[in-house]
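> Here the structure of chain A is known, so what remains is to put chain B in place on it, guided by the hints.
If you read the sequences in order, they're chains A and B.
Taking numbering that gives the first Met the number 0, the leading residue of the first sequence gets 0, the next gets one more, and so forth.
Taking numbering that gives the first Met the number 0, the leading residue of the second sequence gets 0, the next gets one more, and so forth.
Don't take each hint at face value.
For identical chains, the list gives no copy identity; a pair is met inside one copy or between any two copies.
[What the hints assert, rightly or not] Keeping only pairs whose Cα atoms sit at most 27 Å apart, straight-line, the calculated BS3-like set for lysine-lysine is: (1) K144 x K114; (2) K114 x K141; (3) K58 x K114; (4) K175 x K56.
None of these hints come from the bench; they were simulated from the model.
Protein chains: 2
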Amino acid sequence: MTATDNTKVTLYELALEDGRSASPFVWRIRYALAHKGIPYETRYVGFTEIPTIFGGKFKTVPILQHGDTVLNESWDIAEYLDRAFPDQPRLFNTPAENSLVRFTDAWFMNEVMRKMFRVYIKDVHDAARPQDRQYFRESREKNMKGQTLETFTADRAAHLPAIRTALAPLRQYLAKSPFLGGSNPNYADYIALGGFYWAASAGTLPLLERNDMLRDWLTRGFGLYGGIARVPGVEPLFE
Amino acid sequence: MTATDNTKVTLYELALEDGRSASPFVWRIRYALAHKGIPYETRYVGFTEIPTIFGGKFKTVPILQHGDTVLNESWDIAEYLDRAFPDQPRLFNTPAENSLVRFTDAWFMNEVMRKMFRVYIKDVHDAARPQDRQYFRESREKNMKGQTLETFTADRAAHLPAIRTALAPLRQYLAKSPFLGGSNPNYADYIALGGFYWAASAGTLPLLERNDMLRDWLTRGFGLYGGIARVPGVEPLFE
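Just chain A, with the same shape it has in the complex (with noise of 0.2 Å):
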């Protein structure tokens, strides 16, 4: 198979009120898929359509539907873009490779993104279409010990310099090299822009500061296939 095979592809995304796809999953797999050039359809789903698809066989999206081939996690959606499209760039060129971007993907998990979920759960709540409002905020509530979105994100700023501390490695590292692929991005680097990308999105508080250094990357990762991420650009992410 290769991209220009007419075996269609589908990717399910999460549609927030604007229309806008803001999750750092489904985000993933649209750099991933650009980086490949696969041509793909877009089919936005709201938090509440997701089980009405695929019999509800899917809690979660990205999905990827492909023939009769149908994923939802995004790492076994990326290494299928890879065994499917093997004339295509390849996502992952060594073993290694795969294995040092799960490791920063372990990392931008622990010690970013779930500090960012912190910041950003209520205003991914009123990012949400008025539809699903009401189901994210049960079914996230439900984990917050009987806190609501208001009171759990009510001292939301006083986590900020946490984060910024936790990207000192990444900007260590970027002092030196364009991507965290290197020359080139990969899907380290799609991973971490996905994220970023989210809180850029929904976010109604500054993420970063002003001067951060991290500004020329995050300028150069959403500016990657024809600025695939410019929309809404990098500037929300700054004070």
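Relative to chain A, chain B alone:
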């Protein structure tokens, strides 16, 4: 050139009082030479001897001599080994792998190793050769704003929880994979293993909780290449 060339490889290492080599940066190269199967001779130098060799050109070890080539930055040495011994197993199979190892290095140095120096700096002083201790103390205390090694480390146990927490991404990753390199170890493993070996060699305060799941990876890593780092072994790291 191959490992069977007659051009001798000599590694200058840091000697502690017990004759052990305990620089985390030297250990990266010990592992790298073993990975590539390159035979070499060891020359031990104390802290105060480094300025007396190679006309005082280098302030740190490792120093690698290979014919007319002399290098001392561990990253320069690692990349040189892949160039000079292209037929031996490579340390970096792709530019992206090199980049991601460099990111892992930035993470490990920033989040883990720097905090470990904080805990073990007086232990390293005490483990150094007697004739090196005065130099070691003076050069380190210069950066401690008037504190002595003793006052600087008086509350060192209080820093252990932060180190243990900082290792969360490594634990999460290793729950699914034997090495940072995947099925086989690569230079990212050697960087981290070298840091842990250093703590195991000189440290007098256990770094990790008894049941830390990192034990399996550390045991595997210290046991590589015929037990390269099995002396003093993994036990001193655990409560």
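> Now tell me, hint by hint, if it's right for this structure.
Hints, one by one, checked against the model:
no.: 1; hint: K144 x K114; verdict: within (17 Å within a copy, 33 Å between copies)
no.: 2; hint: K114 x K141; verdict: within (18 Å within a copy, 36 Å between copies)
no.: 3; hint: K58 x K114; verdict: within (23 Å within a copy, 40 Å between copies)
no.: 4; hint: K175 x K56; verdict: between (44 Å within a copy, 25 Å between copies)
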